[in-house]
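Enquirer: From first to last, the protein sequence lines are chains A and B. Residue numbering for the first sequence follows this note's numbering, beginning at 1 and increasing consecutively. Residue numbering for the second sequence follows this note's numbering, beginning at 1001 and increasing consecutively.
Source of the hints: derived by calculation from the structure; they are not laboratory data. Each residue gets a CB set at the ideal place from its N, CA and C atoms; glycine is no exception. Zero decoy hints are in this set.
If we take Cβ atoms under 7 Å as the criterion, some of the chain B residues that face chain A in the derived model are: (1) 1151; (2) 1152; (3) 1155; (4) 1158; (5) 1159; (6) 1160; (7) 1165; (8) 1169; (9) 1173; (10) 1251; (11) 1252; (12) 1253.
Computed list of chain B residues with no C-beta within reach of chain A, every gap over 10 Å: (13) 1004; (14) 1005; (15) 1048; (16) 1091; (17) 1100; (18) 1109; (19) 1122; (20) 1179; (21) 1180; (22) 1191; (23) 1214; (24) 1232; (25) 1234; (26) 1237.
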Amino acid sequence: MTADQDEIIRFERVQLRLGGEAIFEDLSFAVRRGEFLCILGPSGCGKSTSLRLIGDLLRADAGTITVEGRDPRETWQHLAFVFQSPRLAPWRTALDNVMLGMELRGVDVDRAWMQAQAARALELVGLAQDSGKFPRMLSGGEKQRVALARALAVEPQIILMDEPFSALDPNTRQRMRAELIAIWQQTGKTIVFVTHDVDEALMLADRILLLSKKPTRVIEQIALGAPRPRTLANDAELARRRDELMALFAKLEQPAGQPDA
Amino acid sequence: MRSLSLSTRRKLAANLFVAVMLAAWAIAALRLPGYVLPDPLVVVRQALAFFTDAKLAGHVVASIWHVVAALALAFFFGTALAVTSHYLRVTRILIGRAAAFLNSFSSIGWALLAILWFGLNDQAVIFAIGVVILPIFMINMQAALERRDAELIEMTASFTRSWPRGFISVVLPSLYPFMLATTRLAFGVAWKVALTAELFGGNSGFGFVVNIARQDIDTPRIFAVIAIMIAISFLADRFMFAPLQRVLTRHYADA
Chain A
1 MTADQDEIIR FERVQLRLGG EAIFEDLSFA VRRGEFLCIL GPSGCGKSTS
51 LRLIGDLLRA DAGTITVEGR DPRETWQHLA FVFQSPRLAP WRTALDNVML
101 GMELRGVDVD RAWMQAQAAR ALELVGLAQD SGKFPRMLSG GEKQRVALAR
151 ALAVEPQIIL MDEPFSALDP NTRQRMRAEL IAIWQQTGKT IVFVTHDVDE
201 ALMLADRILL LSKKPTRVIE QIALGAPRPR TLANDAELAR RRDELMALFA
251 KLEQPAGQPD A
Chain B
1001 MRSLSLSTRR KLAANLFVAV MLAAWAIAAL RLPGYVLPDP LVVVRQALAF
1051 FTDAKLAGHV VASIWHVVAA LALAFFFGTA LAVTSHYLRV TRILIGRAAA
1101 FLNSFSSIGW ALLAILWFGL NDQAVIFAIG VVILPIFMIN MQAALERRDA
1151 ELIEMTASFT RSWPRGFISV VLPSLYPFML ATTRLAFGVA WKVALTAELF
1201 GGNSGFGFVV NIARQDIDTP RIFAVIAIMI AISFLADRFM FAPLQRVLTR
1251 HYADA
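When you get a sec, could you build the whole thing from the sequences and use the hints?
Expert: Structure below.
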């Protein structure tokens, strides 16, 4: 792989073992600035682990990972996570939870500015009216929006999203996807989005990175040029991609030793 | 009775049981000498004297002071030691063994040692109570730290590399319900230990009063002390700890 001026994240021949098991033996890929990249792969293939490597929550055993051309240890402040569960502090209101990200990051500004910034982030995710509510008063989708607002409030260059909608009901998930695309278009952030849902990847991504089973490598990269908002039913190209990915996915999810269908 | 709710019936049954016990006590007191089993009314009069007589009231205040001071010290040192052993792995075995030792040594032993080290005074009593309840804080807070929400901790790590910031903003508040539950437990134990510690090493407080009453064969006063101690424990639990626990659990429970 050769470095591209536009690249913001780069994995080069990354190796990682966890608990004696090889997760990555030779993982290489890159993410462009402002891109919406979906990492798709079977359960347990190390999709979330790749995000943790980018965010410096884990260190690779070998190979090179760079974020903005530097070691992740120097760039963790330029990114923010949205996890599978919202991970909100139950004792804080929605507004205070959004401020928590800034407090933890040590944003050196006064509290009034932080409050205004948190309020702006909540407005962006459509929760301006609910800023005083505690997490227990919010629905699953609303909690996940607060988590997204918390990530946006620290003004990261990159947002790492680890299956953030997987625990939501189908309708809320659909709505959240549309809202996420709108926010991404509005803010121009780079988003790395992990999912094991083929439809979700096709709806959201500029590019899909399909990962194999462990030891994980990139099987295929699919660039999607379809305009947004996307509907799988009315787009022949997306429908064809979906069928291809579904077939590949079925093979990947198949237990070892079982013949192909 | 059928129209009464289950909780009302349970309360009625409990109150009835207390009334029957009091009646049995009153009847038994008629047949036994006063120094063996005093009349309940005499005990009530003695108990009231603790709030009308300045000297006796001073002993109530002294006992409360001993318990509160010991609780505060044990809370501070016990929590600090638990945090140290959790984050500084090298200290874990040492602090674990210290907790085991403190937990196994008797309160009378500590009271006697406290007299030798501090003399007959408040410090000796506070030390003896504090050192007995210290392992309660050490062990419970250690368990609470082990049970922290791993997802919340990872979220914190994703936003900061500053340990103090993460500890103050996320870890510490998540421990509040455990802190209160431990304080509630230690409060009850502290009152039990206070009597022993004051009896052996104090020059004030309920234990001191009991010691004098024992010498004077003043059984009603000993009964009055027991009644007041039970009342203080019950009232503090009912009107301070239980409501606080409800609020904290609701506020700090999982989202």
